[in-house]
Amino acid sequence: MTESADRTATDSAAPAAPAGAAATRTPTSGDGSRAGAGRGRLHRPRRIAVAVVELVVAAVAVWGAFLLWGSAIRDVTVHLDDGSTLTSRVYEGDLIGLAVALGALAAVLVIDAVRQVMLGVAAKGKKPRKRKRPADDPDDPDDVDADHAAARTAH
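In terms of UniProt numbering, the sequence shown is residues 1 to 155.
Keep in mind that a hint or two might mislead.
Pair ranges (Cβ atoms, derived) [what the hints assert, rightly or not]:
| id | residue 1 | residue 2 | range |
| --- | --- | --- | --- |
| 1 | T77 | D112 | 40 to 46 Å |
| 2 | L80 | I111 | 49 to 55 Å |
| 3 | R89 | D112 | 31 to 37 Å |
| 4 | T85 | W63 | 32 to 38 Å |
| 5 | G97 | A59 | 51 to 57 Å |
| 6 | V53 | I96 | 48 to 54 Å |
| 7 | I73 | V53 | 30 to 36 Å |
| 8 | R131 | V56 | 46 to 52 Å |
| 9 | D81 | V53 | 54 to 60 Å |
| 10 | P45 | I111 | 17 to 23 Å |
| 11 | I96 | R44 | 34 to 40 Å |
| 12 | V50 | L95 | 26 to 32 Å |
Calculated directly from the structure, the hints in this document are not laboratory data.
Values in this document were obtained by computation on a predicted structure and should not be read as measured data.
Glycine included, C-beta positions come from ideal geometry on N, C-alpha and C.
Given only the sequences and the hints, what does the whole structure look like? Please build it.
The following block contains the structure:
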């Protein structure tokens, strides 16, 4: 090849990225389509595994919330000189707040686990149904185009 032909071949190729610029690639699935595009992007069976993990974490959070709540409330008994006994209940605010936060986290995780299961199972997408056409019905308005095309080819 000559130098001008070589230069023309490189000029017609894809433009080079500027120096220092990172090359970006769009993720594709095995069939060449973009990942995440189309009807099947929500149906991923691994969502069920994510839901199971979320339910386990939610169960641990509820267990921890009950432990924290139990340790946040304690009874204090004071014996006075006259022989009377005073019993008070002391609430530890930071532990109660943490127990409530763990309960709220568990609720959010359960809701998201339900969402993950619904997306993992039910969002497969439906195949379009093929319309059944009656065989050569002369009164069918959809067949008018076919009749015109047949008439044009006959002429």
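Consistency of the hints with the structure:
| no. | hint | verdict |
| --- | --- | --- |
| 1 | T77 / D112: 40 to 46 Å | holds, 44 Å |
| 2 | L80 / I111: 49 to 55 Å | holds, 51 Å |
| 3 | R89 / D112: 31 to 37 Å | holds, 36 Å |
| 4 | T85 / W63: 32 to 38 Å | holds, 34 Å |
| 5 | G97 / A59: 51 to 57 Å | violated, 21 Å |
| 6 | V53 / I96: 48 to 54 Å | violated, 28 Å |
| 7 | I73 / V53: 30 to 36 Å | holds, 31 Å |
| 8 | R131 / V56: 46 to 52 Å | holds, 47 Å |
| 9 | D81 / V53: 54 to 60 Å | holds, 58 Å |
| 10 | P45 / I111: 17 to 23 Å | holds, 20 Å |
| 11 | I96 / R44: 34 to 40 Å | holds, 39 Å |
| 12 | V50 / L95: 26 to 32 Å | holds, 30 Å |
The structure fails to meet hints 5 and 6 from the earlier list, while all remaining hints are met.
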